[in-house]
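Protein sequences appear in the order of chains B, Y and D. For the first sequence, the positions run 3 to 277 when the numbering used here is used. For the second sequence, the positions run 3 to 225 when the numbering used here is used. For the third sequence, the positions run 199 to 769 when the numbering used here is used.
Just so you know, the hints here were simulated from the structure itself, not pulled from any lab data. Possibly wrong hints are sitting among the right ones.
Taking beta-carbon pairs under 7 Å as the criterion, some of the chain D residues facing chain B (in silico) [stated by the list, open to error]:
1. GLU273
2. LYS277
3. GLY279
4. TYR294
5. ARG299
6. ARG339
7. LEU638
8. ASN743
In the DMTMM-like style, the derived pairs of lysine to aspartate or glutamate whose C-alpha atoms are separated by at most 20 Å in a straight line are [stated by the list, open to error]:
9. D:LYS641 x Y:ASP8
10. Y:LYS213 x Y:GLU203
11. D:LYS641 x Y:ASP198
12. D:LYS277 x B:ASP60
13. Y:LYS43 x D:ASP757
14. D:LYS662 x Y:ASP198
15. D:LYS453 x D:GLU273
16. B:LYS129 x B:ASP53
17. B:LYS30 x D:GLU681
18. Y:LYS34 x D:ASP215
19. Y:LYS34 x B:ASP51
20. Y:LYS4 x D:ASP214
21. D:LYS761 x Y:GLU203
22. D:LYS277 x B:ASP53
23. D:LYS761 x Y:ASP15
24. D:LYS641 x B:ASP51
25. Y:LYS51 x D:GLU273
26. D:LYS641 x Y:GLU95
27. B:LYS152 x B:GLU76
28. B:LYS91 x D:GLU399
29. D:LYS761 x Y:GLU9
30. B:LYS45 x D:GLU273
31. Y:LYS34 x B:ASP53
32. B:LYS31 x B:ASP106
33. D:LYS752 x Y:ASP15
Glycine included, each C-beta is placed from N, C-alpha and C at the ideal position.
Below are the chains, spelled out letter by letter.
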Amino acid sequence: MMISRLLHIFQNTPLGRETLLQAAYFTKKLRASLTIYIPRHIKFLMYFDNDVVQVDLDHSYLVSPDTAHDHAVEIAREAGVEPSFIEPKHFTASALPDIPTDFDYMICPRSISNLSSKLGLGYIGPKVQSIINTANFPVLIASHVYKPWKNIVVFFGGSANAFNALKLGFLIQNITNFPLTLFTYAETSFEAYQKEIADQGVEDELGLRVEDWQFFESGNLTDYLYNVPHDALVILGAFNHGLIRDIMFGNKLEKIQTSITNNLLIVGSRYSAVG
Amino acid sequence: MKLTIDEVAQCLDVPLSTVERWIRQGRIPVGKSGGECIFQKPILEVWAKKHNISFTLSDKKVKKHSQDKPVNLFNAMAFGGVYYGIEGDSVSEVLESALKNIAFLDQDEKETLWVKLLEREEMASTGIGRGIAIPHPRIPLDESMEEPVIITCFLKNPLDYRAVDGFPVFVLFILLSPSIKTHLHLLSRLAFCVRDASFVEFLKRVPDQEKLLEKVENLEYAS
Amino acid sequence: MKPWIYPAQWALFKMDDRLLMMFIGAIVGTCSGFAAVVLNHSLLFLLEWLSQWRQHWWAFILPAIGAALSSLFLEKVVKEGAGHGVPEVIYSVSRYGGLLRLRSTFSRLVSSCLTIGSGGSAGPEAPVVMSGSAIGSNIARFFSLNDRQRVTLVGCGAAGAISSIFNAPIAGIVFTVEVILGEWTALNIIPIAIAAVAGTEISRALQGNQIVFSHKVFAIDMGDIIASIGVAVFTAAAAILLTHGLRSMHKISGKVRAPMWIRAAIGGSMVGIIGLSLPVVLGEGYHSVHTMIEGNFSSGLAFVAIACLAKIIATSLTLGWGGSGGIFAPCLVIGSLVGLAYHRALSMLWPSADWVNEGCFALLGMAGLISGMLQAPLTGIFLIVEITGGYAVILPLIMVSAISATLCHYIEPSSFYLKELVDRGHLLRPGTDARVLSDLSIKELLETDCVCVSQNMSLRDFVKIVENSRRNYYPVENDETGEFVGMLHLDDIRPYLFNRMLYDAVLVGQIMNPHVATVLPDEDLSKILRKMDSQRLFSMPVVVNNRFVGMISKATLLDKYRKELMVQTSF
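Based on the sequences and whatever the hints tell you, model everything.
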């Protein structure tokens with residue numbers, strides 16, 4: 003079986019170091035391998051199955067290119083991970099490399115471009131969002147400061163994406179053996195959720211892997227989010243409600259990640275659960 | 003008839019990732035419902051024919067498994083049975099009276115088998131030395147047999163079998179198997195046991211069926 | 199998900215995806231035709247608006263401003279690289295099933311409009327092709343179509359664009375098939391044809407059915423056909439000159455340490471300076487082509503020859519220094535200038551001979567240059583026939599196109615559009631070896647039924663493993679770390695195999711081959727094959743992070759390669 007791989011875009015700054023530490027921790031816990039891309043150009047393309055995403059980095063990604071490689075190796079080794087590096091082999095235009103997309107995870111800071119101006123919470127950059135929406139791998143949105151996690155929390159809302167998130171949660175629980183908690187901010191009754199789980203045939207695994215299921219039938223979202231342990235990896239499905247609903251009701255994803263500082267592993271709609 | 007992507011990959015004998023790529027590139031006719039890919043067998047067959055690709059809905063896989071199932075000496079011997087006091091003064095007589103004892107063959111089969119065994123003996127003796135012979139047909143019996151059998155026959159009087167080492171033969175292991183592969187496999191197993199001098203001594207004492215099988219089982223697991 | 203946005207699920211199209219392709223092809227053709235008309239009109243508007251300042255001495259600054267703005271727009275606003283876009287389309291068709299960015303649908307329109315409208319010497323065709331292709335690609339993405347369908351729609355976009363801008367449907371089809379897709383199949387030709395018709399129809403509906411360069415009837419005799427060979431030679435020379443000019447300008451500008459937009463401005467102002475004395479070089483130059491074909495171009499031989507060179511230089515300056523636009527229109531201008539110069543020279547040498555009107559030679563020159571530049575003779579022939587409405591010149595036209603394309607191919611094996619792609623190994627035409635190899639990935643060829651053995655295993659244990667396995671190669675791993683340390687082939691144990699004394703004395707680690715060439719799972723197959731050939735290997739281990747993941751062998755490769763080839767060809 004192939005080892006799963008995590009893609010990391012290296013940023014040679016203190017902030018980038020935190021993200022790389024997070025990436026190293028994640029790969030170590032998941033026994034995955036860490037693949038690092040050190041940008042040499044301000045932008046790159048990712049060709050997915052049915053879409054192409056252009057990522058425009060901000061200039062902080064290109065600072066001191068001479069030390070970038072050494073820094074990356076140093077940080078990763080310190081964390082006990084041997085990184086591998088990718089050099090883009092294909093170029094769409096001379097200053098526009100194509101980065102391969104056959105990874106199992108990708109780690110991003112909350113925003114890839116314009117990072118320095120939008121350090122605050124409450125913002126997931128448009129590029130990160132479009133990667134989430136088109137990628138067939140889940141995206142790990144790292145907390146600003148390196149934060150090891152010892153718990154797994156799955157936000158389970160009942161949509162197809164939520165089941166993918168749940169299955170990913172099972173997978174990660176299986177590899178790491180950390181306790182897994184389910185959080186549900188109910189839209190329907192508890193019985194309806196249980197029925198859906200039975201329909202999907204994940205009942206047994208649920209019993210086996212889930213430590214606790216916190217089910218909130220009332221109260222507001224912020225209270226509910228307070229119960230998420232601070233040292234948990236939060237797995238959730240991306241909510242793609244369409245543009246109009248986003249404008250009118252706000253993006254739930256945005257709301258969640260304004261409230262909690264945890265590492266978020268976001269499962270997009272194109273992610274197909276591991277077999 | 004509808005096929006899943008795994009079945010299609012198996013039918014075309016390509017890895018799953020190739021089929022996935024073909025779907026993405028639009029090289030293979032596929033219908034989609036929800037997130038699932040559904041293939042129609044007749045359409046696929048036409049497509050495969052047009053591209054000159056072999057497309058076989060394989061039950062072969064299942065069959066192959068049963069063949070691959072390891073045959074062991076103990077089962078074959080237990081199935082064949084052990085017979086004592088076989089009489090006869092020549093190879094052909096001994097074989098004839100040995101075959102008489104076999105319950106699971108009818109008269110016609112016994113005769114053809116007898117002819118085949120003799121044919122093999124005429125080519126070269128199956129006496130492998132130390133008083134042991136392994137009569138078997140040169141070409142495996144036809145497919146009617148499913149499991150290989152070894153019929154163990156202790157002779158009443160040791161017989162000159164023109165064995166390689168010239169010793170008279172006192173025991174026959176008649177080896178019948180459905181395929182050459184199982185035949186060779188059993189042969190090598192048997193040869194392994196016989197190489198053990200203590201086992202030959204044990205055989206010379208003409209043990210009863212239970213003890214013999216027990217000994218064989220132990221030998222097999224030890225190896 | 200609302201079902202209506204998936205026409206692939208409509209009952210009508212479920213029957214046959216060819217109907218679906220024809221339907222969407224018409225939409226794509228219409229959209230890209232519309233894009234072409236929009237660009238054409240905004241160019242005309244910009245040219246007219248700026249013409250009031252053209253007479254001033256400082257007018258040379260106009261192309262500089264235009265080029266700088268267009269470069270700024272591409273770099274800072276839409277963040278796309280410079281260039282005219284056609285290679286990018288071919289690249290994407292080759293490698294990524296025609297995936298193009300949404301922003302490409304308009305970016306080149308705006309930037310080329312700024313460059314050309316302000317007087318830069320470039321053509322609007324390539325940007326329109328890029329837009330049309332991007333429109334096709336994004337419509338395909340919206341409808342979640344597969345790669346093959348998307349590539350066809352990219353072709354539809356290109357065909358619609360060329361058809362619309364030249365009012366030339368056949369040229370659109372031929373250009374798409376010959377240059378963009380490189381493939382002609384029963385499946386893709388019909389949607390492309392429909393898109394070409396739709397694009398042409400849009401252009402006719404919005405700006406009238408006019409032949410771009412109409413002219414008088416030419417009476418061509420045998421002498422003219424023979425003389426046309428000369429046109430072919432000169433146009434081929436001009437095409438080579440232009441190719442080299444563009445490339446060397448690109449290199450020179452690359453050495454200037456300045457932001458992109460300043461470079462573009464430098465190039466633009468140089469063009470402007472040339473334009474002060476030779477206004478014929480400015481803009482896309484359709485007007486001057488028109489006068490030449492009608493035979494009303496009054497200047498003498500020397501002037502025409504100089505203008506021809508100046509246009510080549512101006513085009514190189516505009517495009518090489520970062521302006522945005524294509525080479526189609528400059529090719530037409532240069533071609534007609536070459537033809538004209540040739541005609542003038544002929545009449546000077548043999549004044550008594552009865553040569554056909556000089557417009558005819560201008561026309562032949564255009565065909566020669568297009569064919570030579572793109573190395574696409576059919577595109578040259580059909581384009582010129584259609585935009586001039588002159589079927590009468592077809593015979594010399596074929597001669598010139600064929601000879602010019604051959605000559606250029608002889609000197610420059612790959613055309614202007616493809617040169618860079620070929621150099622980087624990115625030109626993957628359908629049904630070729632490179633295409634099949636790039637489609638197959640190591641993941642698909644990996645043989646994972648190998649038995650890994652430990653470094654410290656004794657030969658006795660190893661022989662037992664050999665007995666029960668069917669492979670000849672055994673990867674050897676380190677006991678503790680699980681790292682790959684070497685390979686053991688059956689041949690390696692042969693010397694020890696029949697000496698049972700050694701069975702316990704020899705360890706696997708001692709007889710294995712520790713220096714084996716390994717392969718990474720994302721390496722290119724062509725590279726791996728070259729490695730295998732040079733080292734005479736039949737199989738190689740695939741190793742990731744010092745861990746063995748499988749074997750890759752020529753036998754499996756051949757099996758899969760053949761299957762892939764059969765699936766990709768024969769429709």
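>> Check the structure against each numbered hint from earlier and tell me which ones fail, lowest number first.
In response: 1, 7, 11, 13, 21, 25, 26, 27 and 28
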